[in-house]
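Chemist: Can you make the complete structure from the sequences, with help from the hints?
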Amino acid sequence: MGKLDSHKAMVDMIRNILSVSSLRENLSKVLKAIEIDHLPRAITKNNEVSAYMIDKDSYEELVEKSSKFDELIDRIENARLLKIAEERLANSNPEEYVSFEEVVEESGYTMEELLAAVDDVEIEYED
1 MGKLDSHKAM VDMIRNILSV SSLRENLSKV LKAIEIDHLP RAITKNNEVS
51 AYMIDKDSYE ELVEKSSKFD ELIDRIENAR LLKIAEERLA NSNPEEYVSF
101 EEVVEESGYT MEELLAAVDD VEIEYED
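FYI, the numbering used here numbers position 68 of the sequence shown as 68, with every residue one higher than the one before it.
One or more hints might be untrue.
Here are the simulated DSS-like cross-link-like pairs (lysine-lysine), alpha carbons at most 27 angstroms apart as the crow flies [what the hints assert, rightly or not]:
#1 K56 to K45
#2 K45 to K32
#3 K83 to K68
#4 K45 to K68
#5 K32 to K65
#6 K68 to K29
#7 K29 to K56
#8 K68 to K56
Simulated from the structure, these hints should not be mistaken for laboratory data.
Modeler: This is the structure in structure tokens:
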């Protein structure tokens with residue numbers, strides 16, 4: 001990036017910082033500018049950035065990317081947990097396995113109590 005490009009970038013950055021009072025006075029102009037150049041605007045209050053304004057398309061793109069990122073993180077976490085489970089299963093001794101019924105009884109419940117409680121639980125499924 002040359003000196004002129006660097007200067008232009010600095011000017012653009014400064015131009016895209018607005019005080020709340022300036023935004024209030026020029027709201028329609030700022031909205032139009034954001035629609036045209038798709039650049040975010042930093043809104044300051046008491047000389048501190050308190051919010052950002054972005055165009056609708058940029059916002060929707062951020063929401064979509066955020067959703068995809070969350071899904072990716074979930075998949076990575078599920079793969080990590082699956083690997084741990086597989087390692088534990090491979091290294092386990094079947095003679096040490098405890099039945100589900102034994103776990104329920106050791107927890108101080110009966111299978112009948114557990115089955116009665118299941119009727120009160122609602123499960124939501126995701127597609």
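Chemist: Does each hint hold? Answer for all of them.
Modeler: Here's how the hints hold up against the structure:
1. K56 to K45: At roughly 23 angstroms apart (the allowed maximum being 27 angstroms), K45 and K56 satisfy the hint.
2. K45 to K32: holds, 22 angstroms
3. K83 to K68: Holds, at about 23 angstroms.
4. K45 to K68: At roughly 33 angstroms apart (the allowed maximum being 27 angstroms), K68 and K45 break the hint.
5. K32 to K65: holds, 25 angstroms
6. K68 to K29: The given pair, whose Cα atoms are some 33 angstroms apart, is violated under the 27 angstroms limit.
7. K29 to K56: It holds: about 16 angstroms lies between the C-alpha atoms, which stays within 27 angstroms.
8. K68 to K56: Judged against 27 angstroms, a Cα distance of about 18 angstroms means the pair holds.
The structure fails to meet hints 4, 6 from the earlier list, while all remaining hints are met.
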